[in-house]
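Q: Next come the chains, spelled out residue by residue.
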Amino acid sequence: MSKIKCQCGHENPYGTELCEKCGRPLSEKAKKSDIVDMRYEGSSRRSQTYKSSIIDKIWNFFSSVKIGVSIIAAVLITSAIGTIFPQKFYVPATTPEGYLEYYERLYGTVGKLYYQLGFYDMYNSWWFKVLVGMLATSIIIASIDRVVPLYKSLKKQRTRRHPSFMKRQRIFGEGDVQNTEESLAKAEEKLKAMRYNVKIENGAILAEKYRFSRWGPYVNHVGLIIFISGVLLRGIPGFYVDEAMWLREGETRNIVGAPGYVLENKKFTLENYSKEEAEKVFGEALEKNGAIVKSYTTDVTLYKQNEGALPGSESLEKVEDYAINVNKPLKFDGYNVFQMDYKLDELKNMTFHLVNKSSEESLGEFTVDLSDPEKEYDLGNGSTVNMLGFYPDYDGIKDGEPYSKSPVPNNPAFIFQMNTPDKPEGEKSFVAIRQTLEVEENDYAIKFAAAETRNISGLTIRKDKTLYILLFGGLVFMIGVIQGMYWQHRRVWIQEDTKGHLLIAAHTNKNWFSLRKELDTLRETVDLPAYIDRQDPELDKPEQEGDEEIWT
Amino acid sequence: MAKKKNKKTIRLISRTALLLILAAIMIYAITSKDKVKVLAEGDTAPDFELVDLEGNKHRLSDYKGQGVFLNFWGTWCPPCKKEMPHMEDLYKDFEAKGVHILTVNVGEPKVKIELFRDDMNLSFPMLWDKNKTVMDLYNIKPLPTTFLINSEGKITKVIKQGMTEQQIYQYLESIQPK
Numbered sequence: 001m002s003k004i005k006c007q008c009g010h011e012n013p014y015g016t017e018l019c020e021k022c023g024r025p026l027s028e029k030a031k032k033s034d035i036v037d038m039r040y041e042g043s044s045r046r047s048q049t050y051k052s053s054i055i056d057k058i059w060n061f062f063s064s065v066k067i068g069v070s071i072i073a074a075v076l077i078t079s080a081i082g083t084i085f086p087q088k089f090y091v092p093a094t095t096p097e098g099y100l101e102y103y104e105r106l107y108g109t110v111g112k113l114y115y116q117l118g119f120y121d122m123y124n125s126w127w128f129k130v131l132v133g134m135l136a137t138s139i140i141i142a143s144i145d146r147v148v149p150l151y152k153s154l155k156k157q158r159t160r161r162h163p164s165f166m167k168r169q170r171i172f173g174e175g176d177v178q179n180t181e182e183s184l185a186k187a188e189e190k191l192k193a194m195r196y197n198v199k200i201e202n203g204a205i206l207a208e209k210y211r212f213s214r215w216g217p218y219v220n221h222v223g224l225i226i227f228i229s230g231v232l233l234r235g236i237p238g239f240y241v242d243e244a245m246w247l248r249e250g251e252t253r254n255i256v257g258a259p260g261y262v263l264e265n266k267k268f269t270l271e272n273y274s275k276e277e278a279e280k281v282f283g284e285a286l287e288k289n290g291a292i293v294k295s296y297t298t299d300v301t302l303y304k305q306n307e308g309a310l311p312g313s314e315s316l317e318k319v320e321d322y323a324i325n326v327n328k329p330l331k332f333d334g335y336n337v338f339q340m341d342y343k344l345d346e347l348k349n350m351t352f353h354l355v356n357k358s359s360e361e362s363l364g365e366f367t368v369d370l371s372d373p374e375k376e377y378d379l380g381n382g383s384t385v386n387m388l389g390f391y392p393d394y395d396g397i398k399d400g401e402p403y404s405k406s407p408v409p410n411n412p413a414f415i416f417q418m419n420t421p422d423k424p425e426g427e428k429s430f431v432a433i434r435q436t437l438e439v440e441e442n443d444y445a446i447k448f449a450a451a452e453t454r455n456i457s458g459l460t461i462r463k464d465k466t467l468y469i470l471l472f473g474g475l476v477f478m479i480g481v482i483q484g485m486y487w488q489h490r491r492v493w494i495q496e497d498t499k500g501h502l503l504i505a506a507h508t509n510k511n512w513f514s515l516r517k518e519l520d521t522l523r524e525t526v527d528l529p530a531y532i533d534r535q536d537p538e539l540d541k542p543e544q545e546g547d548e549e550i551w552t
Numbered sequence: 001m002a003k004k005k006n007k008k009t010i011r012l013i014s015r016t017a018l019l020l021i022l023a024a025i026m027i028y029a030i031t032s033k034d035k036v037k038v039l040a041e042g043d044t045a046p047d048f049e050l051v052d053l054e055g056n057k058h059r060l061s062d063y064k065g066q067g068v069f070l071n072f073w074g075t076w077c078p079p080c081k082k083e084m085p086h087m088e089d090l091y092k093d094f095e096a097k098g099v100h101i102l103t104v105n106v107g108e109p110k111v112k113i114e115l116f117r118d119d120m121n122l123s124f125p126m127l128w129d130k131n132k133t134v135m136d137l138y139n140i141k142p143l144p145t146t147f148l149i150n151s152e153g154k155i156t157k158v159i160k161q162g163m164t165e166q167q168i169y170q171y172l173e174s175i176q177p178k
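Quick note, the sequences are listed as chains A and B, same order. Numbering-wise, the first sequence is residues 1 to 552 according to full-length UniProt numbering. Numbering-wise, the second sequence is residues 1 to 178 according to full-length UniProt numbering.
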């Protein structure tokens with residue numbers, strides 16, 4: 001790993017292609033080549049040279065563009081495969097067995113494999129995360145490995161280069177002019193006018209512009225890394241919330257995903273277009289569909305847990321009343337609560353009569369609030385009804401007892417005790433929808449009279465602290481793209497060699513046509529030797545010959 | 001030569017550091033499954049304040065220095081119902097030994113809970129989580145879920161299924177303050 005000593009006396013790191021100082025070709029490859037490879041200024045890219053420890057080997061692996069492109073291809077291909085069958089999110093299953101069964105039933109062995117390899121939940125599969133992580137690693141390491149030597153060599157570059165460097169540039173010209181000094185002075189002036197940064201060093205000019213465009217790709221990569229970091233932050237609790245909850249009218253509930261906040265649903269309204277309105281706006285569509293919804297609105301009250309109060313305590317403070325509408329979410333503390341779904345007409349109240357079976361005379365009525373029933377209903381006139389059992393989602397008798405399969409009042413059933421002046425010791429009755437059971441023959445019965453319903457609002461709770469990070473990452477990415485795309489790093493070297501000839505060479509990282517045009521403009525006013533584009537000589541000849549005639 | 005060696009060491013250290021950081025981030029991304037903080041064994045049990053059916057306030061922190069057997073339940077859930085009598089049988093004995101049984105009903109109507117309690121002759125405190133705040137705080141998914149909290153306020157075990165009397169006995173014993 002010894003240093004390479006150039007003829008000019010400068011010591012270059014091992015692996016250098018072109019001397020950092022004078023630009024003489026150092027490697028055999030560079031010496032043999034006609035046009036020198038100017039990528040990274042011929043500097044020694046560290047990863048290409050040191051291959052001692054395991055760390056260096058890993059570093060070299062990620063530094064390779066080939067590996068980088070392969071990782072990108074792998075991400076693309078796996079992402080594409082992930083779209084063939086539906087993702088987990090769209091599958092009506094909850095257990096691993098359920099998912100396996102679903103994919104196998106619908107897609108056979110391929111579906112089974114799809115599930116087993118984790119494609120069914122791709123973004124959460126370990127291998128997809130590893131691929132994205134490797135992509136990020138590759139971006140970071142490949143950038144560091146290139147930007148550092150490039151920056152150093154551009155900073156170090158000298159004005160006077162060795163003729164062998166000049167001769168190996170793609171654009172090169174050599175010749176005698178009438179007055180070398182005058183030509184150099186004029187060229188300096190003209191290049192400055194063309195917005196070049198001009199450096200002079202006894203008979204040599206280095207004119208350079210738009211060097212910053214060389215940093216474009218790296219700025220772009222920084223943007224990508226910021227973006228990936230933002231996505232990564234979503235996995236950390238507190239940065240990203242995407243939850244859903246059902247909230248019944250009249251219900252007050254802790255907001256899922258937003259600790260310390262409680263939401264009350266006062267009313268859910270579904271409004272259809274009136275006939276006249278709809279006729280105007282929708283016309284035919286109305287005839288097809290019958291009704292068209294105008295708005296979904298949930299009127300809510302937001303409460304916040306008081307400072308210092310413990311979760312669950314009643315110490316709540318009202319924040320605001322708000323009408324949540326589609327696309328008009330309730331906003332607080334970085335959260336957005338969106339109107340997302342609804343269910344209409346769940347049972348809310350049931351009204352019953354207490355009737356004398358023989359006379360069919362009513363002793364009065366009472367209403368059971370299904371979300372907050374009472375233990376005793378006093379009907380006045382000395383009659384009361386006691387609630388002995390309440391089964392909101394009655395599903396038959398299990399182990400000798402009525403059984404409710406959920407807390408939702410889908411099919412309410414009750415055991416009532418009817419206390420009347422006639423029967424002060426009370427009579428028991430089991431009452432369900434369209435069903436009454438009695439242990440013994442009763443004199444009195446409970447008859448269903450009426451029911452009221454309520455609506456349920458489906459709300460989504462979202463919070464995304466990473467959004468601005470993602471936006472910033474995207475912005476940096478775009479700045480990098482623009483920086484690298486719309487400007488080109490151009491350099492022009494003009495110098496007098498030891499024999500008194502004038503040498504001219506130029507380099508750009510892209511858009512050689514414009515560089516040539518600038519050189520042609522330069523040669524219109526300054527007496528400089530003709531040049532050739534050695535990669536594309538045909539293109540230049542007519543113009544150049546014409547120029548020769550004018551200027552010589 | 002010393003300078004060169006020094007440079008080499010710096011390079012090795014910085015490369016190793018960067019690769020380790022990237023590897024750590026990747027491992028974190030792969031292992032973290034939950035977008036919200038889910039309580040696990042070893043975590044401090046978050047404090048809360050709920051009222052029981054009589055209107056008495058209970059704070060978890062009231063029981064500091066003692067064991068708490070925190071059981072989340074609903075009247076419609078058969079395994080919840082099944083384990084309640086066992087808890088009742090052991091409640092008094094362990095109360096004397098410094099282990100408290102607290103049950104939290106997840107937002108059912110109060111009368112429904114009272115009927116259930118009277119029906120089953122239960123005497124331990126039945127806290128009423130009307131707004132489901134504590135249920136969300138403890139990320140309760142299946143019912144019953146039981147948290148064993150030791151005298152230091154740390155969760156020693158999370159049980160996401162019904163328990164036999166023998167299991168309940170062992171669990172209660174495990175959080176008995178020494």
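One or more of the hints may lead you astray.
Said to hold, decoys possible - Stretches of chain B that chain A covers, calculated by requiring three or more beta carbons in the stretch to come under 8 Å of a beta carbon on chain A:
(1) 21-32
(2) 38-50
(3) 67-79
Simulated from the structure, these hints should not be mistaken for lab results. Backbone N, C-alpha and C define an ideal beta-carbon position, used for all residues, glycine too.
Q: State the violated hints by number, sorted upward, taking the hints as numbered earlier in the document.
A: Going through the list in order, the structure violates no hint and respects every one.
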